[in-house]
Amino acid sequence: MEASKLPGFLLRRGVKAAIVVLAIVVCNFLLVHAAPGDPASVIAGQSGAADAVFLEQLRRQFGLDQPLHVQLWIYLKSVLSLDLGFSHRQQQPVAALVLERLPATLLLTGAAFAFALAAGVTLGALAAQRVGRWADSVITVIALTFYATPLFWVGLMLVLVFSVWLEWLPSFGMSSVGVEMHGLEVVWDVAQHLLLPALTLGLFYLAVYARLTRATMLEVADQDFVKTARAKGVPEGRILRAHVLRNALLPVITFAGIQAGQLLGGSILVETVFAWPGIGRLAFEALLARDYPVLLGVFFCTSVMVVLFNLLTDLLYAIIDPRVEVAG
Amino acid sequence: MSLLRVEGLTVALPSGGDRPHAVEDISFSVEAGEILCVVGESGSGKSITANAVMRLLPKGLPVRAGAISFEGTDLLALAPEAMRRLRGQRMAMIFQEPMTALNPLMRVGDQIAEVLRVHGSGADAARRVPELLAAVNLPDPAAIARSHPFRLSGGQRQRVMIAMALALEPALLIADEPTTALDVTTQMQILRLIREIQSRRGMGVLFITHDFGVVAEIADRVAVMQHGRIVEQGLAAEVLNRPQHPYTRALIAAVPHGAAPDRADITAAPVLELRQVEKTYRRGGLFGARAVVRAVHDADFSLRRGETLGLVGESGSGKSTLARCVVKLVEPERGTIAYHGTDLRPLSRAAWKPYRRRIQMVFQDPYASLNPRRTVGETIAEGPVTHGVPRAKALDRARDLLRLVQLDPGAMDRYPHEFSGGQRQRIGIARALAMEPELLIADEPVSALDVSVQAQVLDLLADIRARLGLTMLFITHDLRVAAQICDRVAVMQRGAIVEQGRTAEVFAAPQHPYTRQLLDSIPGRGWTPPAL
Numbered sequence: 045m046e047a048s049k050l051p052g053f054l055l056r057r058g059v060k061a062a063i064v065v066l067a068i069v070v071c072n073f074l075l076v077h078a079a080p081g082d083p084a085s086v087i088a089g090q091s092g093a094a095d096a097v098f099l100e101q102l103r104r105q106f107g108l109d110q111p112l113h114v115q116l117w118i119y120l121k122s123v124l125s126l127d128l129g130f131s132h133r134q135q136q137p138v139a140a141l142v143l144e145r146l147p148a149t150l151l152l153t154g155a156a157f158a159f160a161l162a163a164g165v166t167l168g169a170l171a172a173q174r175v176g177r178w179a180d181s182v183i184t185v186i187a188l189t190f191y192a193t194p195l196f197w198v199g200l201m202l203v204l205v206f207s208v209w210l211e212w213l214p215s216f217g218m219s220s221v222g223v224e225m226h227g228l229e230v231v232w233d234v235a236q237h238l239l240l241p242a243l244t245l246g247l248f249y250l251a252v253y254a255r256l257t258r259a260t261m262l263e264v265a266d267q268d269f270v271k272t273a274r275a276k277g278v279p280e281g282r283i284l285r286a287h288v289l290r291n292a293l294l295p296v297i298t299f300a301g302i303q304a305g306q307l308l309g310g311s312i313l314v315e316t317v318f319a320w321p322g323i324g325r326l327a328f329e330a331l332l333a334r335d336y337p338v339l340l341g342v343f344f345c346t347s348v349m350v351v352l353f354n355l356l357t358d359l360l361y362a363i364i365d366p367r368v369e370v371a372g
Numbered sequence: 465m466s467l468l469r470v471e472g473l474t475v476a477l478p479s480g481g482d483r484p485h486a487v488e489d490i491s492f493s494v495e496a497g498e499i500l501c502v503v504g505e506s507g508s509g510k511s512i513t514a515n516a517v518m519r520l521l522p523k524g525l526p527v528r529a530g531a532i533s534f535e536g537t538d539l540l541a542l543a544p545e546a547m548r549r550l551r552g553q554r555m556a557m558i559f560q561e562p563m564t565a566l567n568p569l570m571r572v573g574d575q576i577a578e579v580l581r582v583h584g585s586g587a588d589a590a591r592r593v594p595e596l597l598a599a600v601n602l603p604d605p606a607a608i609a610r611s612h613p614f615r616l617s618g619g620q621r622q623r624v625m626i627a628m629a630l631a632l633e634p635a636l637l638i639a640d641e642p643t644t645a646l647d648v649t650t651q652m653q654i655l656r657l658i659r660e661i662q663s664r665r666g667m668g669v670l671f672i673t674h675d676f677g678v679v680a681e682i683a684d685r686v687a688v689m690q691h692g693r694i695v696e697q698g699l700a701a702e703v704l705n706r707p708q709h710p711y712t713r714a715l716i717a718a719v720p721h722g723a724a725p726d727r728a729d730i731t732a733a734p735v736l737e738l739r740q741v742e743k744t745y746r747r748g749g750l751f752g753a754r755a756v757v758r759a760v761h762d763a764d765f766s767l768r769r770g771e772t773l774g775l776v777g778e779s780g781s782g783k784s785t786l787a788r789c790v791v792k793l794v795e796p797e798r799g800t801i802a803y804h805g806t807d808l809r810p811l812s813r814a815a816w817k818p819y820r821r822r823i824q825m826v827f828q829d830p831y832a833s834l835n836p837r838r839t840v841g842e843t844i845a846e847g848p849v850t851h852g853v854p855r856a857k858a859l860d861r862a863r864d865l866l867r868l869v870q871l872d873p874g875a876m877d878r879y880p881h882e883f884s885g886g887q888r889q890r891i892g893i894a895r896a897l898a899m900e901p902e903l904l905i906a907d908e909p910v911s912a913l914d915v916s917v918q919a920q921v922l923d924l925l926a927d928i929r930a931r932l933g934l935t936m937l938f939i940t941h942d943l944r945v946a947a948q949i950c951d952r953v954a955v956m957q958r959g960a961i962v963e964q965g966r967t968a969e970v971f972a973a974p975q976h977p978y979t980r981q982l983l984d985s986i987p988g989r990g991w992t993p994p995a996l
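The listed protein sequences derive, respectively, from chains A and B. The numbers in the numbering used here rise by one with no breaks, and the one at position 164 of the first sequence is 208. The numbers in the numbering used here rise by one with no breaks, and the one at position 422 of the second sequence is 886.
No lab work stands behind these hints, which were simulated from the structure alone. Be a bit skeptical, because a hint or two may be false.
[Claimed, not checked] Distance ranges between label pairs, derived from CB positions:
id, chain 1, residue 1, chain 2, residue 2, range
1, B, Pro522, A, Gln236, 48 to 58 Å
2, B, Gly480, A, Leu150, 48 to 58 Å
3, A, Ala158, B, Pro522, 53 to 63 Å
4, A, Ile63, B, Asn835, 35 to 45 Å
5, B, Gln740, A, Lys49, 31 to 41 Å
6, A, Ala162, B, Gly480, 50 to 60 Å
7, B, Ala590, A, Gln236, 47 to 57 Å
8, A, Pro194, B, Pro478, 41 to 51 Å
9, A, Gln267, B, Pro977, 31 to 41 Å
10, A, Val185, B, Pro478, 22 to 32 Å
11, A, Val205, B, Ser506, 52 to 62 Å
12, B, Ala496, A, Leu360, 43 to 53 Å
13, A, Leu75, B, Val849, 46 to 56 Å
14, B, Val757, A, Ala158, 28 to 38 Å
Even for Gly, the Cβ is constructed at its ideal location relative to N, Cα and C.
Taking the hints into account, I'd like the entire structure generated from these sequences.
And the structure:
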């Protein structure tokens with residue numbers, strides 16, 4: 045892609061992304077309101093004074109007595125002015141709540157993503173290079189195992205082995221409680237806490253990338269230009285790196301872009317298992333408490349992330365593959 | 465000492481093939497400064513031979529016997545690393561498909577520089593790459609070097625491949641059908657380039673081809689292969705003009721000779737008349753940059769009853785688009801397509817239906833144009849059945865049609881993959897004829913076929929045409945084929961018909977410069993195949 049086309053591309057895609065996000069906001073709002081139960085009944089239930097007058101008063105206070113389309117209109121207006129609302133349960137603005145939790149989730153998913161991609165591509169490449177031999181079989185079996193095992197079970201087993209039996213790693217939270225730490229100590233502490241959840245979240249995707257890399261590398265290895273390289277006298281190692289792997293990575297990147305978005309969703313389960321203080325857990329808690337504004341805020345935030353990741357993937361793809369014209 | 469000497473080479477095929485050996489007991493040699501053409505039809509083992517010399521055979525094809533010596537070294541005994549050092553340095557290879565033979569993600573200049581680098585002369589790359597690109601007559605070498613392959617045309621890519629092969633001045637160049645995928649004018653340029661570089665540098669060239677025209681153009685000596693064996697070899701002039709082996713004689717007899725017989729004028733009423741038909745492809749829209757391709761314009765012609773009109777041109781000239789406009793596979797924006805006076809262009813799908821059976825098409829690729837999950841009988845009977853013919857009757861007729869295209873009626877219950885390319889093309893023709901069409905549109909029907917099969921299919925088409933009184937629009941890029949079968953030809957260039965007339969007249973006295981260029985590019989035009 046030529047650099048001069050970049051601003052136009054970003055502008056066109058930005059407009060499209062905004063429309064997509066807006067549509068998602070509307071869908072989320074309608075979905076959440078289609079679920080039975082409302083915040084008023086939960087609060088009333090918890091305060092122990094659940095008479096009809098009090099419920100009605102709560103509903104009026106939260107604007108829940110308005111018709112649905114009016115509520116939607118009010119919500120849309122506030123989202124457009126970047127106001128995600130106020131959580132009456134937590135007595136905090138939703139934006140503050142989400143922003144407070146977002147870094148933890150980004151750290152977790154980022155680490156899991158990087159680990160899955162790096163290890164998956166490496167294993168897939170190794171398997172393809174040794175196709176049909178024992179190393180290939182071992183890698184394929186491992187990948188299949190991770191692929192087929194449920195995430196939460198892997199998490200629990202990792203906790204059992206590394207936290208309970210071996211006592212090497214902490215089993216929950218993001219940092220040690222009640223210990224005074226500075227500088228590198230904090231980093232080391234967080235890294236220790238991060239290892240198990242990131243591994244749990246990443247193993248499934250590692251398996252996907254390993255299988256995909258292996259398959260596409262074998263496919264590319266049969267193509268004419270690889271034979272050309274061989275006829276040029278290029279050493280096997282270089283053929284693999286410069287010709288086969290580079291071309292084989294194209295579908296992996298496409299896939300990784302899709303999954304970067306899915307990782308955010310997948311983190312809800314892992315954050316709950318490992319008590320990781322991210323937006324996944326925030327969403328889970330908000331769901332139980334019927335805390336609509338928080339739930340919608342989390343949805344909004346994750347959908348923006350997914351759209352951003354997709355944009356990034358397209359951009360990366362256009363940089364790596366010269367044949368791709370960035371089109372609006 | 466010969467540059468390359470192959471003796472008693474035998475390469476096994478995996479068990480279960482139609483023969484035990486891909487090549488069997490073949491011996492030949494290439495001297496420095498000469499071009500040896502290995503010629504044969506698909507499956508004759510000629511490519512296997514080329515790959516065996518480079519030791520690039522896949523694992524499933526092991527060398528069973530024989531010796532290959534190159535500059536006195538026994539290649540088969542060489543360690544893989546020593547062999548790798550020879551490849552690209554002392555012996556180089558170019559391939560058939562220029563579209564896929566270059567790494568799509570790497571700049572062309574880097575791919576050439578890679579040859580230099582892996583053989584230890586990477587320091588010269590910055591100076592040598594533009595030199596090499598200039599040596600293969602590419603304009604603006606610096607800009608080409610920075611381009612990715614997808615920016616270049618097929619001919620340019622093949623030049624890049626040649627530049628890459630020549631980078632370290634190898635003693636032996638192996639060319640595996642290097643011009644087969646190219647247009648005829650580009651083919652001639654590439655053949656001249658190879659010939660010129662070869663004589664300038666005194667290289668030995670092992671040139672694989674299926675085309676006797678190319679052999680006549682370029683070869684010093686010829687080896688003819690059939691079913692994995694060399695059946696005849698000798699000096700080019702000897703083999704071309706006085707072939708001894710029956711197979712060579714049959715192959716040469718099948719070569720379309722390019723001389724158009726003088727045919728009587730056809731004055732019957734026109735069946736099809738195209739006036740001012742235009743098809744323009746537009747890309748891009750509200751935001752993106754617009755690209756406009758005028759695929760068809762200024763392409764008027766008329767086709768009379770019983771006549772065969774050849775639409776000739778190179779790839780991208782719009783000849784297939786024009787033919788597809790006639791059967792509404794492509795919808796032109798403007799013009800009239802008059803079939804017996806009725807304009808077909810504005811008709812709806814439903815209104816078109818009665819015309820479908822009267823205008824039928826035969827496609828180029830006999831592998832892709834038949835549904836692999838349906839038996840041949842069902843495929844042939846499908847059209848008539850959808851037009852209301854009772855099934856039993858349609859199947860009976862399918863059996864007759866198979867006989868007409870010289871296939872065994874037992875083929876009815878078999879599937880397309882059980883047939884060879886030539887047989888499938890016969891099935892495709894039978895399928896078109898099942899509708900009892902008046903007008904047959906044949907889009908490159910013989911281009912994917914070997915020359916002997918090609919001759920059979922052309923004979924079949926001529927025979928059917930005469931027997932059923934068909935009118936035919938025959939699309940081809942091969943002028944020799946057009947000369948053989950067409951009453952009139954229309955030459956297309958960039959979407960327009962630049963010249964049309966009686967075949968013999970166009971061939972004898974071309975008016976348009978492009979027609980002249982096409983005729984001059986017919987490989988082996990200086991060679992008249994002997995009457996056998």
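Hint check:
Between Pro522 of chain B and Gln236 of chain A the Cβ separation comes to about 50 Å, which falls inside the hinted range of 48 to 58 Å. For Gly480 of chain B and Leu150 of chain A, the Cβ-Cβ distance of about 56 Å falls inside the hinted range of 48 to 58 Å, so the restraint holds. Taking 53 to 63 Å as the suggested C-beta distance range, the pair Ala158 of chain A and Pro522 of chain B does not conform, at roughly 37 Å. Range check, Ile63 of chain A to Asn835 of chain B: Cβ separation about 41 Å, and the 35 to 45 Å hint holds.
Look at Gln740 of chain B against Lys49 of chain A: about 37 Å separates their beta carbons, and that is inside 31 to 41 Å. Checked against the given bound of 50 to 60 Å, the beta carbons of Ala162 of chain A and Gly480 of chain B, roughly 42 Å apart, lie outside it. Between Ala590 of chain B and Gln236 of chain A the beta carbons are some 51 Å apart, a value that agrees with the proposed interval 47 to 57 Å. One distance hint, 41 to 51 Å for the beta-carbon pair Pro194 of chain A and Pro478 of chain B, holds here, with the actual separation near 43 Å.
Under the hint 31 to 41 Å, the C-beta atoms of Gln267 of chain A and Pro977 of chain B, about 39 Å apart, fit the expected range. Between Val185 of chain A and Pro478 of chain B the C-beta distance comes to about 28 Å, which sits within the given range of 22 to 32 Å. About 60 Å separates the C-beta atoms of Val205 of chain A and Ser506 of chain B, a value consistent with the hinted range of 52 to 62 Å. Between Ala496 of chain B and Leu360 of chain A the beta carbon distance is about 50 Å. The supplied range of 43 to 53 Å therefore holds.
Taken as a hint, the range 46 to 56 Å holds for the pair Leu75 of chain A and Val849 of chain B, whose Cβ atoms sit roughly 49 Å apart. Checking the proposed 28 to 38 Å range against Val757 of chain B and Ala158 of chain A shows it is violated: the Cβ atoms sit about 44 Å from each other.
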